[in-house]
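**Student:** Each chain, written out:
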Amino acid sequence: MKRSRPNPATAPSDRLPAAAAAAVHAAIDAQHGQPGALLPILHAVQDALGCVPPDAVPVIAHALNRSRAEVHGVLSFYTDFRSTPPGRHVVRICRAEACQARGSRALEAHAKARLGIDYGQTSEDGAITLEAVYCLGNCGCGPSVLVDADDLRAGITPAAFDALLRELDGACA
Amino acid sequence: MSASVRVFVPGDASALSLGAERTASAIARQAASRGVDLELVRTGSRGMFWLEPLVEVEIDGGGAPWRIAYGPVAATEVEGLFAAGFLQGGAHPRRVGAPEALDWFRRQQRLCFERVGVVDPRSLTDYLAHGGFQGLRRALELAPAQIVQEVTDSGLRGRGGAAFPTGIKWQTVHAAVAAGGADPASAAGTAGAFVVCNADEGDSGTYSDRMLMEGDPFCLIEGMAIAGLAVGARQGYIYLRSEYPHARRALEAALAAARDSGWLGGPPGSGRHFDIALRIGAGAYICGEETALLDSLEGKRGQVRVKPPLPAIRGLFGRPTLVNNVITFASVPVILARGAAFYRDFGMGRSRGTLPIQLAGNLKRTGLVELAFGVTLRELLYDYGGGSASGRPLRAVQVGGPLGAYLPQAQFDTPLDYEALAAVGGMLGHGGIVAFDDSVDMFEQARYAMEFCAAESCGKCTPCRIGSVRGIEVLERIRAGVDREANLDLLQDLCDTLRHGSLCALGGLTPDPVRSALAHFPEDFVAPHVDHPGGGHARIG
Ligand SMILES: Cc1cc2nc3c(=O)[nH]c(=O)nc-3n(C[C@H](O)[C@H](O)[C@H](O)COP(=O)(O)O)c2cc1C
Ligand code: SF4
Ligand code: FES
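Sequence order for the protein chains is A and B. Going left to right, the first sequence walks through residues 72 to 244 as our numbering numbers them. Going left to right, the second sequence walks through residues 810 to 1350 as our numbering numbers them.
Just chain A, same shape as in the assembly (with noise of 0.2 Å):
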């Protein structure tokens, strides 16, 4: 059976602010039409609103014909999707073994320490969320860091961590 397209008006997407209930109907109608839209679909909301709302989940899954279990079942399974938006950047550090053999284990303590917090929370400021990624590809570059959408770093040193929060913290004042 064809599955035809979801009417918004009967949508439950009545707990969601106007602004995100648009922005998730929108990567609802871009990306529904191909086979296992799901993935598509949530990293066009995160991709907009900056994390998956709990409240846009009865509506994807009301257009995708699945239930509500479901759909929280696969964005909790995959660590990309967060439910609540991030701090101004997000720094994610590298944990892999290549990177460790660079120097990388100094690196993430320097870092819970200097924000004083751990992986997955965000700063007191809001100015940093920190996240552990296990590589980045830059196997041979390490310690890596990766800021934001694609602003990949190498040889991040304590210092040169330092001195990566001071160019954010200028980038964002």
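Quick caveat, the hints were computed from the structure, so don't treat them as lab data. Misleading hints may appear alongside valid ones.
As the list claims (entries may be wrong) - Sample of chain B residues facing chain A (criterion: CB under 10 Å; computed from the structure):
#1 1051
#2 1056
#3 1207
#4 1243
#5 1254
#6 1265
We put the CB at the ideal spot given by N, CA and C, even for glycine.
Place chain B with the ligands on chain A using the hints.
**Tutor:** Coordinates of chain B with the ligands only, in the frame set by chain A:
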């Protein structure tokens, strides 16, 4: 006025991480302020990271143009380069000469990576000018069974890790489609097979997929299109990990260009009707396992499926599905273009052809080395890699990603060959080599292996999900000297359970790095100051 000079600066992610964008901008600014007419071409990387950002300039010295390279060139050095007349190949401390003439480069056998670092990855014209689509052109003249035969005869084995013979897999899918497929009433409703490229490249120490996709994306597209012809598929997917934003952009541009020019998505019957959709993963290592990848493509949690049925028989949306790694597909065009025998002549034993080897971790000269199978670890670590970056002695290497064993100095003479590595308890995997100097704490590496398993388990098997967490605790007790002998026994039991009670290699092979670390570096599994009289080093005398 003479034609503009062509200058090449990599747009490869590693080169960018080392400042290539700033260097490229500085070159453009300098050229503008000096009124120099210059064409700036963004390429992939040659794979010599210690020389990145590597700037190359095309010299027109009669005959075919050739290139002179300078590296590493920081943005602040660009003005000096212009002053030194680098556009004419002028002398400068950063001048390294013709890249192909460098010893490090000349000794390689670049088949798969022939164009990477050379061509503009966004330019189909450049691709065609460098031998692109010759493999597909030949494939279009062959019957599907003949294409499969050619791949079989080449001896190519999957480069994703399991090293399964590629021709046999293609033959299985081809036969499954001929037999009518597994599930005509599948959810997607499409007849025929799917071709899926595994671009999840999750192993630490590996980046050849990334470099190929960023530096020569049309080569992957060509390989997949040939596979489409061979197995009778109309639709392909590339499942790319989300950690690779630069590869994503390169693929998007190349797919659009291939479609615009009719190499993909042509009319039915044209032989070019195959098309490829790009899908992005979401940060789950296990989605590199092919059946978890298929579930993820279907919009599900990425959980490993029980085999059989093989994906070749019943894969994506229930259809026969060919899953291969990026480098596997990218090796196919040259096999078709130059013939199975040409490819097969490289290599040793049952490992035929070339392998793009990735030197990573604590080495002076990290980067991509493509060589025929058979080179030893020692040659790679010292001749190519130049020894440790830190200047301290190398102590251990991990080959084949997070599930690969740690090998000590005594095993550095092992040749890179699937069987030879297996014989010393190792695994070649995707060809990544991570080197550690003598500051490494092998206990920490063993604990990390268990942590990684716990963090990335898909959750289906209890040994993998729970056993890995128990493994961390047991290791910590061993190090602390608590009931040392009993806990060592317990660790071995736990490793046996993981090995035998796991559905896939994540749980099944996590014991390899743990056990090899313990076997080769037992001194690291003892606390520096052990208070328990019974624990710690057994003292002699
Ligand atoms: C835990 C796990 C992770 C894997 N990750 C990858 C990966 O990132 N890339 C890849 O090509 N193969 C990976 N594989 C191997 C695939 O399951 C599969 O063998 C491969 O994609 C087949 O392609 P090939 O024959 O061309 O190597 C992984 C396997 C396991 C068990
Ligand atoms: S071994 Fe681990 S990752 Fe593999 S199927 Fe079992 S639970 Fe999933
Ligand atoms: S291990 Fe850090 S980038 Fe690969």
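**Student:** The structure should be examined with respect to each hint, and the outcome stated for every one.
**Tutor:** Evaluation of the provided hints:
no. : hint : result
1   : 1051 : holds, 5 Å
2   : 1056 : holds, 8 Å
3   : 1207 : holds, 6 Å
4   : 1243 : holds, 5 Å
5   : 1254 : holds, 7 Å
6   : 1265 : holds, 7 Å
Every hint from the earlier list agrees with this structure, and none is contradicted.
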